[in-house]
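Using the hints, position chain B against chain A.
Chains A and B are the protein sequences, given in the same order. Going by the numbering used here, the first residue of the first sequence is number 1, and it counts up by one from there. Going by the numbering used here, the first residue of the second sequence is number 292, and it counts up by one from there.
I should point out that these hints are in silico values taken from the structure, not numbers from a laboratory. Positions of the beta carbon are idealized from the N, C-alpha and C atoms, including for glycine. Do not rely on the hints blindly, as some may be mistaken.
Just so you have them, the derived chain A footprint on chain B, three or more residues with Cβ under 8 Å [unchecked claim]: (1) 309 to 318; (2) 405 to 413; (3) 441 to 448; (4) 470 to 484.
Taking lysine-lysine and the DSS-like style, the derived pairs with C-alpha atoms no more than 27 Å apart in a straight line are [to be verified]: (5) A:Lys58 - A:Lys272; (6) A:Lys26 - B:Lys377; (7) B:Lys542 - B:Lys388; (8) A:Lys251 - A:Lys97; (9) A:Lys228 - A:Lys97; (10) A:Lys228 - A:Lys245; (11) B:Lys377 - A:Lys97; (12) A:Lys26 - A:Lys97; (13) B:Lys519 - A:Lys86; (14) A:Lys228 - B:Lys377; (15) A:Lys26 - A:Lys58; (16) B:Lys519 - B:Lys542; (17) A:Lys86 - B:Lys317; (18) A:Lys86 - B:Lys388; (19) B:Lys575 - A:Lys86; (20) A:Lys86 - A:Lys228; (21) B:Lys575 - B:Lys519; (22) A:Lys228 - B:Lys317; (23) A:Lys26 - A:Lys86; (24) B:Lys575 - B:Lys349; (25) B:Lys519 - B:Lys563; (26) B:Lys519 - A:Lys26.
There are 2 protein chains.
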Amino acid sequence: MQAHVRIEQLLVELSARLSNSTTPPKLTQSIDYALFPGGARIRPRLVIAVSEAYSTDKRQSRTAINASAAAVEMMHCASLIQDDLKCFDDADSRRGKPALHTVWGAGNAILTADALIVGCFQILADEGIDSATSAALIRKLTRHTGSCGGITAGQAWEAETTIDLDAYHASKTGSLFAAATELAAISVGANPDDWSRLGLLIGSAYQIADDIRDTIGNTNDLGKPVGKDVELHRPNIVLQVGMNKAVARLKRLVEDVVESVPNCDNRFEFQKTVHQEANRFIPKEIDRYAA
Amino acid sequence: MQAHVRIEQLLVELSARLSNSTTPPKLTQSIDYALFPGGARIRPRLVIAVSEAYSTDKRQSRTAINASAAAVEMMHCASLIQDDLKCFDDADSRRGKPALHTVWGAGNAILTADALIVGCFQILADEGIDSATSAALIRKLTRHTGSCGGITAGQAWEAETTIDLDAYHASKTGSLFAAATELAAISVGANPDDWSRLGLLIGSAYQIADDIRDTIGNTNDLGKPVGKDVELHRPNIVLQVGMNKAVARLKRLVEDVVESVPNCDNRFEFQKTVHQEANRFIPKEIDRYAA
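One chain only, chain A, in its complex shape (with noise of 0.2 Å):
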């Protein structure tokens, strides 16, 4: 099975679990607004091409690789609710479609994206999932997405005035990648501490591809309002380091994520992968930029 049909797939039959007779029926349909459509789904196809990484055999967890890409997908989703509110990006687009709490509100954008974090949590606890899986899982995750260098750290630095940028950036957009590559290194049996730089550098590449886009991009082709950063006077490496460097930067990175994949069974197969997915993320208005 292909892996973005896998992956809306698990998304439906993961995310039902998330709502029942006792979930007030305007959650239900919210949570259901910010899981679908998707958007490029990244994170979760990047657990699963590190879970194939692994020779069969290493793959009978399915449950668990399952569980790990839906977690990040959703750890991603609820991010992005927040992202979008008022008192942080106040973006009233997002995946082409009226964010989120432009349409259900504020509140109910705030509960969504609560019941998508619990969510997580709760199907890697699956009682599919040996339990020693299950809590390497959910340590790693709660590592990726809190404060001590996760997603929340992340966002929150954009509240400081002296700003880090590697580490914002490490927290803000690296975590949740090297949440995927972890996961998917721990759902198959192999040490996700051989998959984490992977993951990083896949985050810095993303983040800059995502910086490039927000100052040459349009809002349609982009599914979200661009020209954010300079509003919003958050950082953007083209703006400090100019486009041609940023462009050399991140085609540089590119090479190192691939250079970095760890040893596994099928190494060669994800090398080409990766490099095919990063294709899907980097803007193709660069090749007018630095060689």
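Structure of chain B alone, referenced to chain A:
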């Protein structure tokens, strides 16, 4: 050690894990602001009390008991932060001091709640707790905090036009009390289902006491605004059935609570404790009303 001393100690110790050098300074401070000084700490007191209803040899996993106590309190504090936001109750004071968002801003308030929610799962997945216990604790906590009958569902009912009052109270208030009794039971190796009803009943009693306080209390005694239910058109049992019936129901509930204590090693002592604890949150003024 007295329960309240133990609870403050463990909250200080466990909340310290929610920030390190990678945590933005304001977030570290707002997490501290959210947790200290606390309110009555009723939920973690309930965790400790249930654990002490079992003999010492069953209370070996002090790490699990402490993590459970801290988790229910951290989750409660997170829910208070969100409740007070402009898009929910728009309350400007809590626990006798300015509400968190009025001091740290709405954005930081939302992130502080995130940090606490993720932090709960982090401390329950601690390596010092055996994996099977961790996974069971996390499953229960997600059940009582998520969108299927948990506090997220409870809060979201307020945005609906038609509400089942019992379902609303059970999820908004009862669920976290049930989490307290059930997590405590899991921590001592007892069956959490035996303790579920007790938690829900305590939650119901607490909710009625809260409704009564909202009607007759004054802001100084309570540390938060009163009369909010009328202002926000929210269900309040006193407004629905009158003070006499509400007080009668509360008194009957306290008796039900005491009778519903399941079999355990120190049942009699636990019943005494529960009676004492109930008196901590029952408004003194009710003696004027129904016998």
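Hint check:
1. For the stretch 309 to 318 of chain B, the stated coverage by chain A is satisfied: 9 residues place a CB nearer than 8 Å to a CB of that chain, which reaches the threshold of 3.
2. With 7 residues having a Cβ less than 8 Å from any Cβ of chain A, the stretch 405 to 413 of chain B passes the three-residue criterion, so the hint holds.
3. Taking a C-beta to C-beta cut-off of 8 Å, the stretch 441 to 448 of chain B contributes 6 residues in contact with chain A, enough for the three needed, and the coverage statement holds.
4. Judged by the Cβ-Cβ criterion of 8 Å, the stretch 470 to 484 of chain B is not covered by chain A as claimed, because only 0 of its residues qualify and three are needed.
5. For the proposed pair Lys58 of chain A and Lys272 of chain A, the alpha carbon gap of about 21 Å is at most 27 Å, so the pair holds.
6. For the hint linking Lys26 of chain A to Lys377 of chain B, the alpha-carbon distance of about 20 Å falls within 27 Å, and the restraint holds.
7. Proposed proximity of Lys542 of chain B and Lys388 of chain B is contradicted: the alpha carbons are some 31 Å apart, above 27 Å.
8. A C-alpha spacing of about 31 Å is found between Lys251 of chain A and Lys97 of chain A, which places the hinted pair above 27 Å, so the restraint is violated.
9. For the proposed pair Lys228 of chain A and Lys97 of chain A, the alpha carbon gap of about 17 Å is at most 27 Å, so the pair holds.
10. Taken as a hint, the Lys228 of chain A and Lys245 of chain A pair is honoured in the structure, with Cα atoms around 21 Å apart against an allowance of 27 Å.
11. A hinted pair counts as satisfied when its Cα atoms are at most 27 Å apart, and Lys377 of chain B with Lys97 of chain A qualifies at roughly 25 Å.
12. Our distance criterion of 27 Å between C-alpha atoms is met by Lys26 of chain A and Lys97 of chain A, whose separation comes to about 18 Å.
13. Restraint check: the Cα-Cα separation between Lys519 of chain B and Lys86 of chain A comes to about 25 Å, which is no more than 27 Å; the hinted pair holds.
14. For the proposed pair Lys228 of chain A and Lys377 of chain B, the alpha carbon gap of about 25 Å is at most 27 Å, so the pair holds.
15. Restraint check: the Cα-Cα separation between Lys26 of chain A and Lys58 of chain A comes to about 41 Å, which exceeds 27 Å; the hinted pair is violated.
16. Straight-line distance between C-alpha atoms of Lys519 of chain B and Lys542 of chain B comes to about 24 Å, which keeps the hinted pair within the 27 Å bound.
17. About 20 Å separates the Cα atoms of Lys86 of chain A and Lys317 of chain B, which keeps this hinted pair within 27 Å; it holds.
18. Restraint check: the Cα-Cα separation between Lys86 of chain A and Lys388 of chain B comes to about 25 Å, which is no more than 27 Å; the hinted pair holds.
19. Of the pairs offered as hints, the one joining Lys575 of chain B and Lys86 of chain A is violated, with about 42 Å between alpha carbons and a cut-off of 27 Å exceeded.
20. Note on Lys86 of chain A and Lys228 of chain A: the hinted pairing holds, with a Cα-Cα distance of about 13 Å set against a maximum of 27 Å.
21. Taken as a hint, the Lys575 of chain B and Lys519 of chain B pair is honoured in the structure, with Cα atoms around 20 Å apart against an allowance of 27 Å.
22. Simply put, Lys228 of chain A and Lys317 of chain B have alpha-carbon atoms about 23 Å apart, close enough for the 27 Å limit, and the pair holds.
23. Restraint check for Lys26 of chain A and Lys86 of chain A: the C-alpha separation of about 20 Å stays at or below 27 Å, so the hint holds.
24. The straight-line distance between the Cα atoms of Lys575 of chain B and Lys349 of chain B is roughly 37 Å, outside the 27 Å bound, and the hint therefore fails.
25. Restraint check: the Cα-Cα separation between Lys519 of chain B and Lys563 of chain B comes to about 33 Å, which exceeds 27 Å; the hinted pair is violated.
26. Taking the CA atoms of Lys519 of chain B and Lys26 of chain A, the gap is near 23 Å; set against the 27 Å cutoff, the hint holds.
Violated hints, listed in ascending order, are 4, 7, 8, 15, 19, 24, 25; each of the other numbered hints is respected by the structure.
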